Amino acid sequence: MNQVETAAVRTEGVWKIFQQEAEEVTAVRDVSLTIDRGEFTALAGPSGSGKTTLLNTIGGLTRVTRGNVWVAGQNVTDMSNQALAQLRLNEIGFIFQAYNLLPVLSAMENAEFPMLLQGVDAADRRARVRELFERTGMSGLEDRRPGKLSGGQQQRVAVVRAVASRPALVLADEPTANLDSASSEALLGMMAELNRDLGVTFVFATHDEHVMERSKRLVRMVDGRIDSDELRT
Amino acid sequence: MHIRVIIRLALRNLRRQLRRTVLTASSMIVGGGLLIFTYALGDGSHENWIDAGVRTGSGHVTVEGPEFRFTKRIEDRLSTNVRGEVEQLLASPEMASQVLAVSARLTISGLASSPAGARPVQIMGVQPIDEASFSSFDEQLVEGRYLEDGDDLAAYVGVGLMDSLDLRLGSRLVVQAQDAEQEIAAQLLRVVGVFRSGIPQVDQSVIQIPLHLGSEWLGVGGDVTNVGVVVTDSDTVAGVAARLDSELADFVSRGDAYVMDWRESTPALASAVALDEFGNHLVWGVLFIIIAFGIMNTVLMSTLHRYREFGVLQALGLTPGQTGAIVLAEGLTLTAVSGFLGVGLGLWSTWYFVGDGLDVSGMISEDMTFSGVLIDPVIVPLFRLARLAQVFVFILAIGALASVYPAVRAARIDMAEAMKFER
Chain L
1 MNQVETAAVR
11 TEGVWKIFQQ
21 EAEEVTAVRD
31 VSLTIDRGEF
41 TALAGPSGSG
51 KTTLLNTIGG
61 LTRVTRGNVW
71 VAGQNVTDMS
81 NQALAQLRLN
91 EIGFIFQAYN
101 LLPVLSAMEN
111 AEFPMLLQGV
121 DAADRRARVR
131 ELFERTGMSG
141 LEDRRPGKLS
151 GGQQQRVAVV
161 RAVASRPALV
171 LADEPTANLD
181 SASSEALLGM
191 MAELNRDLGV
201 TFVFATHDEH
211 VMERSKRLVR
221 MVDGRIDSDE
231 LRT
Chain W
1 MHIRVIIRLA
11 LRNLRRQLRR
21 TVLTASSMIV
31 GGGLLIFTYA
41 LGDGSHENWI
51 DAGVRTGSGH
61 VTVEGPEFRF
71 TKRIEDRLST
81 NVRGEVEQLL
91 ASPEMASQVL
101 AVSARLTISG
111 LASSPAGARP
121 VQIMGVQPID
131 EASFSSFDEQ
141 LVEGRYLEDG
151 DDLAAYVGVG
161 LMDSLDLRLG
171 SRLVVQAQDA
181 EQEIAAQLLR
191 VVGVFRSGIP
201 QVDQSVIQIP
211 LHLGSEWLGV
221 GGDVTNVGVV
231 VTDSDTVAGV
241 AARLDSELAD
251 FVSRGDAYVM
261 DWRESTPALA
271 SAVALDEFGN
281 HLVWGVLFII
291 IAFGIMNTVL
301 MSTLHRYREF
311 GVLQALGLTP
321 GQTGAIVLAE
331 GLTLTAVSGF
341 LGVGLGLWST
351 WYFVGDGLDV
361 SGMISEDMTF
371 SGVLIDPVIV
381 PLFRLARLAQ
391 VFVFILAIGA
401 LASVYPAVRA
411 ARIDMAEAMK
421 FER
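These protein sequences, in sequence, are chains L and W. Read in order, the letters of the first sequence correspond to residues 1 to 233 in my numbering. Read in order, the letters of the second sequence correspond to residues 1 to 423 in my numbering.
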């Protein structure tokens, strides 16, 4: 098997340039990066360093200007919108800074949502979500709507939603930014546990020191480029 | 599976903004109800005008000589042979169920005179029993009685003409007209009854006499000037006319008969109905454009407030098309439910007036006429199933159209940008 097939993510010479009125803004410059399955990687850097944009290009939320991106062995660069939607559904889980749960669905329904789209049968969906809710201390809150949950609880539901559908990769954009330090620490512990026990691949975009400390690999970005890439013990 | 998800999300989103949903639905329900009610009133009015017009005139369908409608001369009359054929056809089992009344008339222009003076008149020779079913002249009696089968020299005269000729019940008058030999022939009549139609032109000029008397006086034998038909259901007019035209093809091709419906025989009435319908459609069109903008506003506002949510949905695996479908489903659900309730409200409010009708006599004068038709101040709404379906489909179409733009906006979002969107 070659590197592309074994890696959860591989980027090759990726550029992302935004057109803002008459001006071009380069958010990501020539980034080549490989993230293997089971990694717990943080993309760190100050605001405007391009970490979120890189995360978005990996997740197929925005298209690259130049270069190639492979996710779970599939080149996403020229994929149709339909194929990209399928890739996101089956291979990628997202965790957002603002939780982004669907307000009209309960915690259980939110967590089930990707599996509902995948066509997983109801009993299997429920079983997977209940198990993860138990692991994350969310048992008993299944029927609550997001508006009735704290920020930390909402983010835990978002993590369950991202993980329950068994994707190849979970992309988390500043997952702890809206949480207090205790909730943040608990969430990180929970994700580390899921990574260790279930082998879920996590990639974070963050400038939170706690996340960086917890990560097994830290990729620092500055001005759209990779500045350093270190493995941590 | 995705369709169920889309519908579930659409329903939950409608419930989420309950006040906005209820307000928009209310405007659609009231609009739909109003549309049904005004359609029923409009259709009822038109039916009333048409019924009054055709009964005073020559029926929903009339068979007459091809030139008679232009010349009104006795030599352009319908032969006894054609008249017999028409009456036989209309009495046949295939057509009888569609026919409410038939009247063979001998209608000619002439001069009526009394010691007080002379006036131009329209003399109608009629068979009293048939005519009583066909027209409403007998119901417009104000003095004396209507014509009877055994009457001789009897005349049923409009109230205006009575005044002009200074006649009383039982008075004698003389009518003169051109007979079959193109000679001027006179006939003495005695007034047995007086009617008031409310239409000045009719009250000042119409005299009805027994058909046999007219036939003898003018020497036309069994000939008449037209055979008029009133049908049971005005929707069948075209079918009855076509059937008669087809069955009488030999006479028609020889120029011995001509079949026409009320639109052709009374073009002024047809134009009046068409004009009124156009005006109604215009008002309803404006009403529904306003409602359409209301729906679009609701759905669009709901879409604009949920940019981040649409971004999340697409990030989770919905395609742009499926995201747009959620918005479209919201608009369609809202309009379908509102349309259904609107039709219900319209039916209920219309049903209330079906029995006694809506009395607008306070708004119009008692003898208001329009295109030669006396307007009945009591409007009885007319239900038509096709109208209900038409209104329901119309509301759905408006809802779908008004939801297309918000749906396209939702489908075309930039996911990365949508994630930055603050509620």
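Simulated from the structure, these hints should not be mistaken for laboratory data. Note that the structure is predicted; figures quoted are calculated from it, not measured. Here a beta-carbon is modelled for each residue, glycine too, at the ideal position from N, C-alpha and C. Careful, some of the hints might be misleading.
Short, incomplete list of chain W residues facing chain L, as computed with Cβ under 10 Å [what the hints assert, rightly or not]:
no.	residue
1	Arg8
2	Leu11
3	Arg73
4	Arg308
5	Gly321
6	Gly357
7	Leu358
8	Ser361
9	Glu417
In silico SDA-like links for lysine to any residue, alpha-carbon gap of 25 Å or less [what the hints assert, rightly or not]:
no.	chain 1	residue 1	chain 2	residue 2
10	W	Lys420	L	Arg63
11	W	Lys420	L	Gly48
12	W	Lys420	W	Leu332
13	W	Lys420	L	Gly140
So, as I understand it, the hint says Glu417 (chain W) touches chain L; can you test that by seeing if any CB pair is closer than 10 Å?
9 Å, holds
Does Lys420 (chain W) pair with Gly140 (chain L) here, judged by a C-alpha cut-off of 25 Å?
Roughly 32 Å between the alpha carbons, so the hint for Lys420 (chain W) and Gly140 (chain L) is violated.
Interface hint status, Leu11 (chain W) versus chain L (Cβ within 10 Å)
It holds, given that the least Cβ distance between Leu11 (chain W) and chain L is near 9 Å, below 10 Å.
Report holds or violated for the interface hint on Leu358 (chain W), using the least CB-CB distance to chain L and a cut-off of 10 Å.
45 Å, violated
Are Gly321 (chain W) and chain L close enough, Cβ to Cβ, to be under 10 Å, as the hint says?
8 Å, holds
Straight-line Cα separation of Lys420 (chain W) and Arg63 (chain L) no greater than 25 Å?
17 Å, holds
Is it true that the CA of Lys420 (chain W) sits at most 25 Å from the CA of Leu332 (chain W)?
Outside the cut-off at roughly 29 Å; violated.
Would the hint on Arg308 (chain W) be counted as holding, given a Cβ-Cβ threshold of 10 Å to chain L?
OK, holds: Arg308 (chain W) within 10 Å of chain L, min 7 Å.
Identify whether the interface hint at Arg73 (chain W) stands, where standing means a beta carbon of chain L within less than 10 Å of its own.
78 Å, violated
So, as I understand it, the hint says Gly357 (chain W) touches chain L; can you test that by seeing if any CB pair is closer than 10 Å?
48 Å, violated
Interface restraint verdict for Arg8 (chain W) against chain L (beta-carbon cut-off 10 Å):
9 Å, holds
Holds or violated: are the alpha carbons of Lys420 (chain W) and Gly48 (chain L) at most 25 Å from each other?
14 Å, holds
Violated hints, listed in ascending order, are 3, 6, 7, 8, 12, 13; each of the other numbered hints is respected by the structure.
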